[in-house]
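Engineer: These protein sequence lines are chains A and B, in that order.
Each residue of the first sequence is one higher than the one before, starting from 379 at the first, in the numbering used here.
Each residue of the second sequence is one higher than the one before, starting from 8 at the first, in the numbering used here.
Calculated from the structure, these hints are not laboratory results.
Just so it is clear, CB atoms sit at the ideal spot from N, CA and C, and this is done for glycine as well.
Each hint should be verified, as a subset may be incorrect.
Computed Cβ-Cβ distance ranges for the label pairs, DEER-style [unchecked claim]:
(1) A/403 - B/230: 24 to 30 Å
(2) B/136 - A/451: 40 to 46 Å
(3) A/410 - B/83: 55 to 61 Å
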Amino acid sequence: MTTPAATLSTPKRAAPRRSRFALTMRSILRRRSAALGLVFAIVIVVLAVFAPITGGHDPLEQSLRHKLKPPGGDYVLGTDPLGRDVWSRLVWGARVSLSVGVVAVAISAGLGTTAGIVGGYFGGRWDAAIMRVIEVLMSFPLILLAIAIVAVLGPGLTNLMIAVGISSVPQFARLVRGEVLRVRGREFVEAARAIGGSQTRIMARHILPNVISAIVILATLRISTVILTESALSFLGLGISPPTPTWGSMIADGTKWLRIAPWISIIPGIAIMITVLAFNLLGDGLRDALDPRLRGE
Amino acid sequence: MVFVLRRLVATLPTLIGAITFAFILIRIAPGDPARLILGDEYQNSAALLQVRAKLGLDRPVIVQYVDYVSDMLRGNFGESFRTGQGVLPEIWSQVPGTVTLAFAGVFVAVLIGVPVGALAALRRNTWVDYVSLTAAMLALAAPSFWFGILLIYVFAFLLGWFPIFGAGQPDSVLSMTHALVLPAIAIGARSAALVARMARSSLLEVLNQDYIRTARAKGVSQPGVVRRHALRNALIPVLTIIGIDIAYLLGGAVVIETVFARPGLGKLLVDAIYTRDYPVVQGTILVFSLGIVLVNVLVDLVYGLVEPRIRYG
Numbered sequence: 379m380t381t382p383a384a385t386l387s388t389p390k391r392a393a394p395r396r397s398r399f400a401l402t403m404r405s406i407l408r409r410r411s412a413a414l415g416l417v418f419a420i421v422i423v424v425l426a427v428f429a430p431i432t433g434g435h436d437p438l439e440q441s442l443r444h445k446l447k448p449p450g451g452d453y454v455l456g457t458d459p460l461g462r463d464v465w466s467r468l469v470w471g472a473r474v475s476l477s478v479g480v481v482a483v484a485i486s487a488g489l490g491t492t493a494g495i496v497g498g499y500f501g502g503r504w505d506a507a508i509m510r511v512i513e514v515l516m517s518f519p520l521i522l523l524a525i526a527i528v529a530v531l532g533p534g535l536t537n538l539m540i541a542v543g544i545s546s547v548p549q550f551a552r553l554v555r556g557e558v559l560r561v562r563g564r565e566f567v568e569a570a571r572a573i574g575g576s577q578t579r580i581m582a583r584h585i586l587p588n589v590i591s592a593i594v595i596l597a598t599l600r601i602s603t604v605i606l607t608e609s610a611l612s613f614l615g616l617g618i619s620p621p622t623p624t625w626g627s628m629i630a631d632g633t634k635w636l637r638i639a640p641w642i643s644i645i646p647g648i649a650i651m652i653t654v655l656a657f658n659l660l661g662d663g664l665r666d667a668l669d670p671r672l673r674g675e
Numbered sequence: 008m009v010f011v012l013r014r015l016v017a018t019l020p021t022l023i024g025a026i027t028f029a030f031i032l033i034r035i036a037p038g039d040p041a042r043l044i045l046g047d048e049y050q051n052s053a054a055l056l057q058v059r060a061k062l063g064l065d066r067p068v069i070v071q072y073v074d075y076v077s078d079m080l081r082g083n084f085g086e087s088f089r090t091g092q093g094v095l096p097e098i099w100s101q102v103p104g105t106v107t108l109a110f111a112g113v114f115v116a117v118l119i120g121v122p123v124g125a126l127a128a129l130r131r132n133t134w135v136d137y138v139s140l141t142a143a144m145l146a147l148a149a150p151s152f153w154f155g156i157l158l159i160y161v162f163a164f165l166l167g168w169f170p171i172f173g174a175g176q177p178d179s180v181l182s183m184t185h186a187l188v189l190p191a192i193a194i195g196a197r198s199a200a201l202v203a204r205m206a207r208s209s210l211l212e213v214l215n216q217d218y219i220r221t222a223r224a225k226g227v228s229q230p231g232v233v234r235r236h237a238l239r240n241a242l243i244p245v246l247t248i249i250g251i252d253i254a255y256l257l258g259g260a261v262v263i264e265t266v267f268a269r270p271g272l273g274k275l276l277v278d279a280i281y282t283r284d285y286p287v288v289q290g291t292i293l294v295f296s297l298g299i300v301l302v303n304v305l306v307d308l309v310y311g312l313v314e315p316r317i318r319y320g
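For reference, chain A alone in the conformation it holds in the complex (with noise of 0.2 Å):
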């Protein structure tokens, strides 16, 4: 039995310091829709990285004595009208979503962000200039403003990743600026000053540390609307040539097997519609665990 005496004296165990990425991985997982995207997120990602592996059938390997068997037996999700299997295009075709998805967010991260701490730290006609610019690249939609570069800059991986990129910029550039003029007038930035640190090292290393979470928060909302418009491309024939299998690609191609073979547009819808919404719940999740003034909008 203790007594009170020996309770008191026992010293407290100092709880454990944990890293600012464990404490966000443990409030995400303690959300379930969080966790759901999470798990979802990680598996599709997996599922695409060993493409080679969980693949199975060569994803370009046309079998006309295969063509157009439905979903079951050998070939599990069922093939395309040239014997191709679906699970197989699927797997691979996630490696360019998720590819462009990735790249094209850190083209416009980077560009925004940039763009958006210069016109939020200076101030003035540097803002005035780039709002502008901004402003003129928001009234178009987006898909429209992806579209005419990859138009101007025609088809193909690299090309869809910078017309998808570019077009993002906008969201990014305006949520830095934001937040820049939040942090701009703090004490601590006064103080980097007043010893003389110089414009690039405040806006390097001190700006930008306080805006990096609302940053991570939107790329990873954006890598939804970016998978978004890009099946939105390919569908129109606007992405990756043939025979490369892309989501939009793949449903393009099926339409024309729509009355006898919905499987091979309908699967890959399916699988566009996972990982938007994988992508949406983890953000949605990081914006509560990182942000929570963020929450609700």
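Following the hints, put chain B in place on chain A, whose structure we already have.
Structural biologist: Showing chain B alone in chain A's frame:
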């Protein structure tokens, strides 16, 4: 009136910016427009120089730019490489198709979104609420063109209720409306989800306000409170969402028109891209941008009407 004028003048820099953007975009496009017009068989430099001179491509870029901006502002959008016809009449003939589709999308969004959102708010934390929130989440994740194909498969192929593609017979309003149903649902589903979410959260917020309590205390029935007091105020944020979303709907029309093989600006644009008909691409993009700028002005005006507190100037 002064406000309308001031608001229209304020859009000028954006419009000139959009024109500049289109100018730069086409100038950085690889390939010589003169060669595109003449085709590969004309490699003869005399013919090329002639076409370049006709297009004004032999002049300094800055002169080209000034001429181009003044041409655009006067509504001279150039000639199509493909047909040789004026670009503007060609675009103009496709505007009604796209505008009809976009507004049908708004109609679907309001028709489905508002009641579903209101019902979810009134039956908060019941199965009605959960089902509608899940449906909204799915609708936001589904690509609109794929949803359109799914609608075609179920309602045109399996059930045979609607035509598979096309815009209906041009002389029959009934046939055109009939052909508009599936595309309108396909394009409006995402907006309906946004509207439902916004209507739900906005109504929940309004229902907690003092004036609602007062109305209840006066003995107004529950449907009366919702219809006469709550919904009316809850719809202002919904209007904002719709205003912002019209830009998305216009952009979405590009893809949906292709799915349903409907004539419109989107189909014109995609076809022009396939044939590298740059003047048409440029013109269509500018008309879209102009449309969106005008819609934004219109939305601001409507705000002033429904919510006098936020009337500007």
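Engineer: For each hint, tell me whether it holds in the structure or not.
Structural biologist: Against the structure, the hints:
The supplied range of 24 to 30 Å is broken by residue 403 of chain A and residue 230 of chain B, whose beta-carbon atoms lie about 47 Å from each other. Take residue 136 of chain B and residue 451 of chain A: their Cβ atoms lie about 42 Å apart, and the range 40 to 46 Å holds. Separation of residue 410 of chain A from residue 83 of chain B is about 59 Å and conforms to the stated range, judged on CB atoms against 55 to 61 Å.
Figure legend: structure checked against the earlier numbered hints; the only hint not met is number 1.
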